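Residue numbers (my numbering), protein chains in the order written: chain A, 9 to 230; chain B, 56 to 247.
Hints may contain errors.
[To be verified] To give a feel for the contact side, a few chain B residues facing chain A, derived at Cβ under 10 Å:
no. : residue
1   : VAL180
2   : GLN185
3   : PHE203
4   : GLU205
5   : GLU206
Derived by calculation from the structure, the hints in this document are not laboratory data.
Computed from a predicted structure; not experimentally measured.
No residue lacks a Cβ here, since even glycine has one placed at the ideal position from N, Cα and C.
Each chain, letter by letter, is given below.
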Amino acid sequence: MVEPDTLDQPIHPEGALLPWYLNGTLREDERRQVDQHLSSCAACRAELDELAQLNVQLHEVYAAQSEPSSRLQRAVLGQVALEASTKGAKSASGPQRLKGLDEWFRSLFAPRWAPALVVTLLVAQLGLLLWSMTRPTLLDQVTTRGLGAPTVRLRVVFQETASERQIRSLVQGLRGRIVDGPTSDGAYIMEFPAGDQAAAQKKVDVLRSQRESVRTVEPVTQ
Amino acid sequence: MDATHWQDVSDPDLLAAVAASDAAAFERLYQLYEKRVYQYVCTLIYDPTLAEEVVVDAMTAVWRGAGSFSRSSRVSTWIFGIARHKAFDALRRTGRHHNDVALDEALEMPHAQESPAESVNRKQVTSLTQQALKTLSREHQEVLRLVFYEELSYEEIAELLSIPTNTVKTRVYYAKQRLKHQLKQFGQGERV
Ligand SMILES: [Zn+2]
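Work out the full structure: start from the sequences and follow the hints.
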């Protein structure tokens with residue numbers, strides 16, 4: 009950007025400080041200097057009036073600005089909760105994402121004896137990984153809901169022994185949401201973002217592999 | 056411990072707890088900054104969906120990088136710095152450097168608001184200010200927000216934008232002149 013240098017400049021150096029005189033962040037000596045100048049300069053007083061008026065108008069504009077969707081908070085806090093409860097995840101989350109997906113997938117599910125919660129968290133992390141690799145990050149999650157971007161609907165029955173926490177991290181990790189249920193036979197209809205058939209199949213595979221908390225997974229035919 | 060426990064804790068102390076991997080402290084910090092960071096990012100990125108992605112990137116970076124915060128700067132400036140960096144990354148990635156959206160919207164600015172200034176109610180003034188603001192460059196919108204809403208000092212803005220303090224002063228001055236000019240164009244000159 010080029011700042012036009014031929015247009016009117018603040019006539020006095022104190023004039024350039026007025027925005028910060030108004031927001032109260034000037035150093036004490038600067039503030040006194042501006043005070044003193046204002047008492048004898050009508051042009052800068054007029055400038056200050058304009059700034060004060062604009063300040064009010066801008067505040068109203070900013071107050072009326074749109075707020076982020078509730079999905080934003082879920083996305084951030086979900087990810088942080090995941091990292092907080094997975095020991096070492098903070099340092100590992102970067103490089104791990106670059107590993108071969110198949111290799112990583114296998115390494116995750118090989119230890120069948122792993123405690124249920126750990127597996128759930130790992131599965132959830134895998135969900136995040138799949139998610140970022142197929143590039144439907146938050147972008148798609150949002151458009152999915154609004155504009156009919158590709159999603160897959162699955163009919164999921166959870167194990168009776170599955171804890172709420174297990175289910176939540178699984179669903180959050182896969183960036184899914186429950187859209188209906190439970191049905192009379194205890195099934196939930198869940199929606200997951202999936203750009204194509206392969207991505208949808210991955211969601212199904214991840215859910216099915218999670219036997220501790222998921223009993224059955226079936227695509228919903230629409 | 057949940058986020059309410061951290062209710063009255065100062066920002067730097069919150070960040071210190073976040074650096075020690077306290078998720079509840081992070082949640083509190085997030086609540087304090089979500090809207091501000093999102094709206095700041097929206098002055099740089101006009102696509103709300105992309106802006107949300109940037110906030111996810113930025114706030115998870117805050118979580119992971121809290122330990123690198125030095126108490127010599129304000130927490131807000133530090134967080135905005137990260138958000139700004141992520142926003143420019145996203146703009147580069149998506150090739151959306153230009154101000155086209157704002158300019159397009161400026162062209163669509165209705166000249167229909169021709170009622171006398173005194174009858175223009177507050178809501179309309181806000182809406183006109185909003186329209187006028189959108190015609191400004193990203194840089195101008197950004198500094199106006201940082202001065203008038205975030206109430207940052209010129210030194211803090213200079214640090215955040217990596218530009219000399221004199222440039223900050225000039226930029227804010229021209230941003231204000233430009234906004235005033237646009238408001239005049241839109242028939243709001245009398246009020247400003
Ligand atoms: Zn003066």
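Hint-by-hint comparison with the structure:
1. Interface hint at B/VAL180: satisfied, since its Cβ lies 6 Å from the closest Cβ of chain A, which is below the 10 Å cut-off.
2. A distance limit of 10 Å between C-beta atoms decides the matter here; for B/GLN185 the minimum to chain A is near 5 Å, and the interface restraint holds.
3. Checking B/PHE203 against chain A: minimum C-beta separation of about 5 Å stays under 10 Å; hint holds.
4. With 10 Å as the threshold, the beta carbon of B/GLU205 comes within range of chain A, its nearest partner Cβ sitting at about 9 Å, so the hint holds.
5. Interface restraint check: B/GLU206 against chain A, minimum CB-CB distance 4 Å, threshold 10 Å, status holds.
Hint check: no violations occur; every hint is consistent with the structure.
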